[in-house]
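*Asks:* Work the whole structure out from these sequences, hints included.
Residue-level listing of the chains:
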Amino acid sequence: MMSAKHYPMKSDIREKKDAYLLEIDLPGCQKEDIKAYVEKGYLHIAASMNKEKERGHGKYLKRECYFGEYERTFFIGSDISQDELEASYKHGVLRVKIPKASQTKTNRIAING
Amino acid sequence: MLVPSIFENNFVDDIFNDVFSVPFGFSKAGAKAPVSSMNADVQEFEDKYRLDLELPGYKKEDIQAEVKDGYLTINAEHTDSSEEKEDGKYIRRERFYGKCQRSFYVGDAITHEDIQAKFENGILEVIIPKKEAKPEVEEHKYISITG
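Quick mapping for you: the protein sequence lines, in order, are chains A and B.
By the numbering used here, the letter at position 32 of the first sequence is numbered 32, and the numbering carries on one by one without gaps.
If you count the second sequence from 1, you need to add 1000 to reach the numbering used here.
Among the hints, erroneous ones may be present.
For lysine-lysine, the following DSS-like pairs were computed, each having C-alpha atoms within a straight-line distance of at most 25 Å [what the hints assert, rightly or not]:
(1) Lys16/A <-> Lys1089/B
(2) Lys1059/B <-> Lys51/A
(3) Lys1059/B <-> Lys97/A
(4) Lys1068/B <-> Lys31/A
(5) Lys1060/B <-> Lys90/A
(6) Lys17/A <-> Lys90/A
(7) Lys62/A <-> Lys1131/B
(8) Lys100/A <-> Lys17/A
(9) Lys1089/B <-> Lys1059/B
(10) Lys62/A <-> Lys1068/B
(11) Lys1060/B <-> Lys1099/B
(12) Lys1131/B <-> Lys35/A
(13) Lys59/A <-> Lys1118/B
(14) Lys97/A <-> Lys1089/B
(15) Lys62/A <-> Lys1130/B
(16) Lys1048/B <-> Lys1099/B
(17) Lys1130/B <-> Lys59/A
(18) Lys1118/B <-> Lys1059/B
(19) Lys1089/B <-> Lys62/A
(20) Lys1048/B <-> Lys59/A
Listing some non-contacts, in silico: residues in chain A with all C-beta distances to chain B over 10 Å [unchecked claim]:
(21) Tyr37
(22) Glu39
(23) Gly77
Quick caveat, the hints were computed from the structure, so don't treat them as lab data.
Just so you know, these numbers come straight off a predicted model, no measurement behind them.
Virtual Cβ for every residue (Gly too), placed ideally from N, Cα, C.
*Replies:* Structural data, given as structure tokens:
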């Protein structure tokens, strides 16, 4: 079992006034290695990390960094479409801004009587 | 062999990592607080060692590397930027924020001029050449005897 210390894609979620900010640790990726998409109310972040070819083929004396494919999914609600999300990748951190669903849309049922 | 058995002995770095990298506030708060990992890969090549350290979220200016008494020490500390300061309510917090340090034994023959380092996309890449420890030439300082 992987200890809490070693699983990849550690994430912070912060609630701000009008949006949620999702920050994911993704060290050693290229922007092209990260795929983010929304499906059925879930935000999927998939990345391929620490590619062998970029690191050379030495003999590993210590291997703690996660390598290979990894995916993490976050529920964001079905009200939010992919176009509303803003993402940036800098210093090994992926930041995704998720707007809060507009709260004007209420499906209240009128009660007569 | 005179070549120092770099990195194979993880005595130093584990102790340093686990005890000193956790800020005191966190270590007392319990195991659930985010722990700095500074995960490292070490590869051996014919003529060098390559060390890759994960430091996501840090900027180049936040990282310091130093060689002293045969140990390579990496220090990283977040310097507050306006981007990070603007706060909000944390709903989930897994990432480590703060100061961390890790040391690796590289052998007494290595000086800071031998080591090359590069920081890109949250990974610090350090190249350490293989170098034989030169046996110190014993200097005999004889006392001149007169008479």
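*Asks:* If a hint holds in the structure, say so; if it does not, say that too.
*Replies:* Evaluation of the provided hints:
1. Lys16/A <-> Lys1089/B: holds, 7 Å
2. Lys1059/B <-> Lys51/A: Given pair Lys1059/B, Lys51/A holds - Cα atoms ~22 Å apart, limit 25 Å.
3. Lys1059/B <-> Lys97/A: Holds, at roughly 21 Å.
4. Lys1068/B <-> Lys31/A: violated, 36 Å
5. Lys1060/B <-> Lys90/A: Holds: Lys1060/B and Lys90/A sit about 12 Å apart, inside 25 Å.
6. Lys17/A <-> Lys90/A: Holds. Lys17/A to Lys90/A sits at ~23 Å (cutoff 25 Å).
7. Lys62/A <-> Lys1131/B: holds, 20 Å
8. Lys100/A <-> Lys17/A: holds, 9 Å
9. Lys1089/B <-> Lys1059/B: holds, 24 Å
10. Lys62/A <-> Lys1068/B: This hinted pair holds, its Cα atoms lying about 22 Å apart.
11. Lys1060/B <-> Lys1099/B: Holds, at about 14 Å.
12. Lys1131/B <-> Lys35/A: violated, 42 Å
13. Lys59/A <-> Lys1118/B: holds, 21 Å
14. Lys97/A <-> Lys1089/B: holds, 14 Å
15. Lys62/A <-> Lys1130/B: Within the cut-off at roughly 17 Å; holds.
16. Lys1048/B <-> Lys1099/B: Violated, because 29 Å separates the two Cα atoms, which is more than 25 Å.
17. Lys1130/B <-> Lys59/A: holds, 14 Å
18. Lys1118/B <-> Lys1059/B: holds, 12 Å
19. Lys1089/B <-> Lys62/A: violated, 37 Å
20. Lys1048/B <-> Lys59/A: holds, 11 Å
21. Tyr37: The claim holds: Tyr37/A sits with its nearest Cβ about 21 Å from chain B, beyond 10 Å.
22. Glu39: holds, 21 Å
23. Gly77: It holds; Gly77/A is separated from chain B by about 14 Å at its closest Cβ, greater than 10 Å.
In the structure shown, a violation is registered for the earlier hints numbered 4, 12, 16 and 19, in ascending order.
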